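Listed below, chain by chain, are the residues.
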Amino acid sequence: MNTNENKNLTLLEQLNRVEASPFLFTRIKQKIAESYPTTYSYKSLRAIGAICFVLLLLNAITTYTALKSNRNENLAEQYHILSQNSIYHE
Amino acid sequence: MNLEELYNTHKNLVFNLALSYVHNVQDAEEITQDVFVSIHFSMHTFKAESKFTTWMYRITINKSLDFIKARQRKKRFAFITSLFYEDSSELKHDHRDFDHPGVILENKEATARIFHFIDQLPPNQKTVLILNKIEQKSINEIAEILNMSYKAIESLLQRAKTNLAIKLKSNEGYE
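As they're listed, the protein sequences go chains X and Y.
When you line the first sequence up against this note's numbering, it's residues 1 to 90, in that order.
When you line the second sequence up against this note's numbering, it's residues 1001 to 1175, in that order.
In silico EDC-like pairs for lysine to aspartate or glutamate, Cα to Cα no more than 20 Å straight-line:
(1) K7/X x E1109/Y
(2) K1108/Y x E19/X
(3) K31/X x E1029/Y
(4) K29/X x E1030/Y
(5) K1108/Y x E13/X
(6) K31/X x D1066/Y
(7) K31/X x E1005/Y
Calculated directly from the structure, the hints in this document are not laboratory data.
Because the structure is a prediction, the values reported are computed rather than measured.
Just chain X, same shape as in the assembly:
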């Protein structure tokens, strides 16, 4: 390696150390805070999914029961009979 190339490499050794910006840590904290929701998204998604499933199930049960009782009442009305099992009104 000749002196010219050595001179080039010496330039690298002459680089001064630079101070990092004092505001950089605030940005790092912000980036960490932004990264958190994605870290727990799978868990929260599962919880939301489970809640939705329970709500749908409850809704289905309520609708089914309502429909069933409605159907009984309609049938009773058609045949002019009582929809309840009580004969005597107290």
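Knowing the structure of chain X, use the given hints to seat chain Y on it.
Using the frame of chain X, we list chain Y on its own:
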């Protein structure tokens, strides 16, 4: 040690090493952020078998190389886009000049030139050269950081110097 203490102890190490790879403050800050975010989330994976600074060096080197790779990919994509859309400003927007704050003004041009050729070296040769010449690390220390043998680092450094000399020599005539 919490993250803030870690940051205060090692911020200049990470920032200056990143600066050696990307040569501008904006990108070096972005890499520094990524390094500390990554440290925050992977602190539990650190094994006390190696020194903490060694681990820090490894993360910074990987993040810097990833950053450069992503930038090149973006540039390629922008180039392809510019072929189809004349109005594309992505290519112009992505370009960042050499702006290393650690360079003395009178050396700026020559240092920019040498960094231009260092950037053309393969990543492992570039890393060894940066660690040896800029970070002033011995071959033994580089071997520990890169988890390679002394001989392998010695040969990589020799190849890096030779390749750099060839590139510099071939460019001399064009100045």
